[in-house]
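Trainee: Assemble chain C onto chain P, guided by the hints.
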Amino acid sequence: MADDQVVLLDVLPSSFGMRVRIALAEKWIQYEYKEENLLEKSPLLLQMNPVHKMVPVLIHNGKPICESLNILLYIDEVWPHRKFRPLLPSDPYQRSQVRLWADFIDKKLLEGVLGDKLYYGGEKLGLLDVAFIPFYCWFYSYETCGGFSVEAECPKSVEWVRRCKDVESVSKSLVDPLFVFDYVLQLRKRAGLE
Amino acid sequence: MADDQVKLHGSWVSLYSFRVIWALEIKGISYESIEEDFLYNKSQLLLQYNPVHKKIPVLVHGGKPVCESMIIVEYIEETWPHNPLLPRDPYERALARFWVKFVDDKGPAIWRMFKSRGKEHEKAKTESLEMLRTMEQHALGDKKFFGGDEIGIVDIAFGGFAYWLGVVEEVVGLKLFEDQAFPRLHAWSNDFKQVSVTKRNLPDPHRMLVFYKDVREKLLGFTSS
Numbered sequence: 001m002a003d004d005q006v007v008l009l010d011v012l013p014s015s016f017g018m019r020v021r022i023a024l025a026e027k028w029i030q031y032e033y034k035e036e037n038l039l040e041k042s043p044l045l046l047q048m049n050p051v052h053k054m055v056p057v058l059i060h061n062g063k064p065i066c067e068s069l070n071i072l073l074y075i076d077e078v079w080p081h082r083k084f085r086p087l088l089p090s091d092p093y094q095r096s097q098v099r100l101w102a103d104f105i106d107k108k109l110l111e112g113v114l115g116d117k118l119y120y121g122g123e124k125l126g127l128l129d130v131a132f133i134p135f136y137c138w139f140y141s142y143e144t145c146g147g148f149s150v151e152a153e154c155p156k157s158v159e160w161v162r163r164c165k166d167v168e169s170v171s172k173s174l175v176d177p178l179f180v181f182d183y184v185l186q187l188r189k190r191a192g193l194e
Numbered sequence: 001m002a003d004d005q006v007k008l009h010g011s012w013v014s015l016y017s018f019r020v021i022w023a024l025e026i027k028g029i030s031y032e033s034i035e036e037d038f039l040y041n042k043s044q045l046l047l048q049y050n051p052v053h054k055k056i057p058v059l060v061h062g063g064k065p066v067c068e069s070m071i072i073v074e075y076i077e078e079t080w081p082h083n084p085l086l087p088r089d090p091y092e093r094a095l096a097r098f099w100v101k102f103v104d105d106k107g108p109a110i111w112r113m114f115k116s117r118g119k120e121h122e123k124a125k126t127e128s129l130e131m132l133r134t135m136e137q138h139a140l141g142d143k144k145f146f147g148g149d150e151i152g153i154v155d156i157a158f159g160g161f162a163y164w165l166g167v168v169e170e171v172v173g174l175k176l177f178e179d180q181a182f183p184r185l186h187a188w189s190n191d192f193k194q195v196s197v198t199k200r201n202l203p204d205p206h207r208m209l210v211f212y213k214d215v216r217e218k219l220l221g222f223t224s225s
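Heads up: the sequence lines are chains P and C, in that order. The first sequence maps to residues 1 to 194 in UniProt numbering. The second sequence maps to residues 1 to 225 in UniProt numbering.
Extracted from the complex, chain P is given alone in its bound form (with noise of 0.2 Å):
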């Protein structure tokens, strides 16, 4: 394992990309970033992701792999135990439900899964908080934006916002708020919205 080469192919505004950063900060595992200009995409990428041409893609050793929630189960499939416990419960029936809320995720926002617990994946970190953690580097552009406020709409999601960014895994990977405006304004000054 020491041998191991990993490299990861992404956009630093991505939240599907920050997912990744954020599993593979939770394993300790290094890896080299490479930072893809979607609008001119590396040979790379191309050779590594020919069916949707899309980041992020780890190479593990020189294999892609593609999605990123695939990519989190592949990580926890081959380090299991790094950092002392799976990103997933080991019992199946658990484990159908955190893949349930993960496509559903995939899909839409949610609220109510997370109930009382402090994470999704109750005491602790778990697959869901990390599917779904960096969507927040883009509440403040969805709420500049579309115009609404997320603490009105989901109080309860702003403690576990909270509670995920004092998880150095998630801290040290999760992109400024503002550096995604930036990023927005300029795709919406592109497209002629600004």
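Take these hints with a grain of salt, some might be off.
[Said to hold, decoys possible] Restricting the straight-line Cα-Cα distance to at most 25 Å, the calculated cross-link-like pairs of lysine-lysine (DSS-like) are: (1) C/K42 <-> C/K218; (2) P/K53 <-> C/K106; (3) P/K124 <-> P/K189; (4) C/K42 <-> C/K27; (5) C/K125 <-> C/K175; (6) P/K41 <-> C/K106; (7) C/K123 <-> P/K53; (8) C/K64 <-> C/K123; (9) P/K63 <-> C/K144; (10) P/K117 <-> P/K172; (11) P/K189 <-> P/K156; (12) C/K27 <-> C/K144; (13) C/K101 <-> P/K41; (14) C/K144 <-> C/K106; (15) C/K218 <-> P/K63; (16) C/K115 <-> C/K55; (17) C/K125 <-> C/K115; (18) C/K125 <-> C/K101; (19) P/K53 <-> C/K101; (20) C/K119 <-> C/K27; (21) C/K193 <-> C/K175; (22) C/K125 <-> P/K53; (23) P/K124 <-> P/K172; (24) C/K64 <-> P/K63; (25) P/K27 <-> P/K41; (26) C/K54 <-> C/K218; (27) P/K117 <-> C/K64; (28) P/K117 <-> P/K189; (29) C/K115 <-> C/K42.
[Claimed, not checked] Derived, one-sided and incomplete: chain P residues facing chain C with beta-carbon distance under 10 Å: (30) F16; (31) V51; (32) L58; (33) H60; (34) N61; (35) K63; (36) E67; (37) N70; (38) P92; (39) Y93; (40) Q97.
Don't read these hints as lab results, they were simulated from the structure. In this text, a Cβ means the ideal position worked out from N, Cα and C, and glycines have one as well.
Mentor: For chain C alone, kept in the frame of chain P given last:
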């Protein structure tokens, strides 16, 4: 726990139900099949088990419900690990899951093609063809099945769409899955239908034709595009 009672709420006409049936049959698991009228009259039990999506199939194992066909298949795989549907190597597993997601993301274009007309229909047709082309070019390679010599999770995911596509083509009156354009997929499709588990567990094509003609007529007021 693995010995607890297994029930499947599904439908004779749903490819998503059949994915679960094939997984259960490959593993030799006994189960009770409960037929749901998912289009017109869902049972109270189904709505209770799947309050979020209200969809079939739902697998109930020892009283606990699992929803979404491919999540159910992964659950079956983990609960009953014999006759595995996924490879052992983590990279190969990631590859298999990639294709399962691809099929689930792109496959519904076939339904959109079935349910629509005009521009929307043409768009869905293009998307369906693109999906087939990508699978033909990238997914199968030189293997007999996506799972290698035996069927695996990707065959289960895609098998339904391939079979149902044939019925949709006939109802709508077009041909997408031509053997000259998709030689690998065609060979795979014939082999897939010959596997004993699938051969014994596929709905009657005539009955399906009648059912889907009726559905399309109710939706659009006619059957052909």
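Trainee: Hint by hint, note whether the structure agrees.
Mentor: For each hint, the structure was consulted:
no. : hint              : verdict
1   : C/K42 <-> C/K218  : holds, 19 Å
2   : P/K53 <-> C/K106  : holds, 16 Å
3   : P/K124 <-> P/K189 : violated, 40 Å
4   : C/K42 <-> C/K27   : violated, 28 Å
5   : C/K125 <-> C/K175 : holds, 10 Å
6   : P/K41 <-> C/K106  : holds, 23 Å
7   : C/K123 <-> P/K53  : holds, 21 Å
8   : C/K64 <-> C/K123  : violated, 40 Å
9   : P/K63 <-> C/K144  : holds, 23 Å
10  : P/K117 <-> P/K172 : holds, 23 Å
11  : P/K189 <-> P/K156 : violated, 34 Å
12  : C/K27 <-> C/K144  : holds, 21 Å
13  : C/K101 <-> P/K41  : holds, 23 Å
14  : C/K144 <-> C/K106 : holds, 22 Å
15  : C/K218 <-> P/K63  : violated, 49 Å
16  : C/K115 <-> C/K55  : holds, 18 Å
17  : C/K125 <-> C/K115 : holds, 11 Å
18  : C/K125 <-> C/K101 : holds, 20 Å
19  : P/K53 <-> C/K101  : holds, 15 Å
20  : C/K119 <-> C/K27  : violated, 44 Å
21  : C/K193 <-> C/K175 : holds, 19 Å
22  : C/K125 <-> P/K53  : holds, 22 Å
23  : P/K124 <-> P/K172 : holds, 17 Å
24  : C/K64 <-> P/K63   : violated, 38 Å
25  : P/K27 <-> P/K41   : violated, 28 Å
26  : C/K54 <-> C/K218  : holds, 22 Å
27  : P/K117 <-> C/K64  : holds, 22 Å
28  : P/K117 <-> P/K189 : violated, 41 Å
29  : C/K115 <-> C/K42  : holds, 21 Å
30  : F16               : violated, 13 Å
31  : V51               : holds, 6 Å
32  : L58               : holds, 9 Å
33  : H60               : holds, 7 Å
34  : N61               : holds, 9 Å
35  : K63               : holds, 5 Å
36  : E67               : holds, 6 Å
37  : N70               : holds, 5 Å
38  : P92               : holds, 4 Å
39  : Y93               : holds, 6 Å
40  : Q97               : holds, 8 Å
When held up to the earlier numbered hints, the structure conflicts with 3, 4, 8, 11, 15, 20, 24, 25, 28, 30 and fits the remainder.
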